[in-house]
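A.B. asks: Using the numbering used here, you'd call the opening residue of the sequence shown number 3 and step up by one each time.
Just so you know, these hints were derived from the structure itself, not from any lab.
Don't take every hint at face value.
[Stated by the list, open to error] Here are the in silico distance ranges between beta carbons for each label pair:
hint	residue 1	residue 2	range
1	THR203	GLY104	42 to 50 Å
2	ARG92	ARG281	51 to 59 Å
3	PRO262	GLU214	22 to 30 Å
4	THR203	LYS124	33 to 41 Å
Keep in mind the model is a prediction, meaning the values are calculated, not measured.
Here a beta-carbon is modelled for each residue, glycine too, at the ideal position from N, C-alpha and C.
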Amino acid sequence: MPRRTISRRCEPGGQWRMLLPGVVLLQNGEATDEHKIHAALLHSGPGSILTGVRALDRYGLRNLPHTDEVHMLIPANRSAADCGFVHIERSRRLPKPRPRSGVPTAPVPRAVIDAARRTPHKDAITAMMAESVQRGFCLPQSLADELDAGRRASKEPLRGALLPILGGARSVAEADAWRLWQRSDLPECRWNVKLFGADGTYIAQPDGWCDELGFAWEIDSLGHHAGDTGFRDTLARNARYAAAGIVVVQTLPSRLRSEPDRVVAELRAALDSARLRPRPDVRLG
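Build out the structure end to end from the sequences listed, making use of the hints.
C.D. replies: In C-alpha cells form, the structure reads like this:
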C-alpha cells in the first residue's frame, strides 16, 4: 500500500491510527494495553523482551504503579530508541524470556527490579517486591541476586526497599513494622512464621513473633479486618492466641508512621508483661 494512503488513513478522524513509526493500528479507536505491547515488540525488533510493570501485569501481580510506559529489553548490540510510550533498554544481560500470552516476557525477579528502577515511590517498590514473594512468584533471594547483578547506580535505594522483604516482611505495612522493630533495640523478632500448639493445632501466623517470650505482633488494617468475615476471623484468631497463653499486640498500619514512639512504648510494655509468665508451649511450623 502506498505510504500516502497510509498517512491519509492515519490522519485525525481517519480509519487508522499510527501508534509508532511504521506501526499502524487498523482501527481509529483507543489503543488497548495489548495493542501497545505488540506495537512495542514490533518497534523493538527481534529478540526484544517485555519487562517492568507491563510484564508483571501479565504474570497477574496486582500491586503495581500506574504507568503508560512499555519497557522493552533489547540486545546491547542493537540500535533502537525510545519512542512514544516505549522505553528501550539495551542490556548485555538479557534474561531467558518466558512466553506470556504470546509475548516474550522477562522472569519475575528481573521484571520487578526493572520496574523498581523506574518507580520513584518507595512504597510502590516495596509493594511490588512484597507481592511477588508473598504470592509465590519468586523468592526474596532471587530479587537480591537480580539486584546485585544489575546496574550499580540504582542499587542502594532498591536495597533499602528490599531489606525488610529479605527479613520476612510481606507488605508495605509489615516493612514499616520491620524497620521500626530493627531500630528500637527490641528482642529478636521473626516475621510471618506459623505457630502451632503442643498438640499440633494451628494457632496463627503473626506478622511479628518474639520466640523467646512467646509474643505476637499483628499489623491489623481496618480494611483487611472489616466486614463480617474479616471481623469473625480476627476474633477467632485472638481467641486462639488467648487460649495458647500468647501475649499479642495489634497495631494499625498508619500508627507505624504517625506515632512510632508510642507504638514502641506499647511493644515494650507488652514484652515486659510476657516476661512475667512462662513461655507458652508453642511450636513453629
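A.B. asks: Looking back at the hints listed earlier, which ones does the structure fail to meet?
C.D. replies: Per hint list: zero violations.
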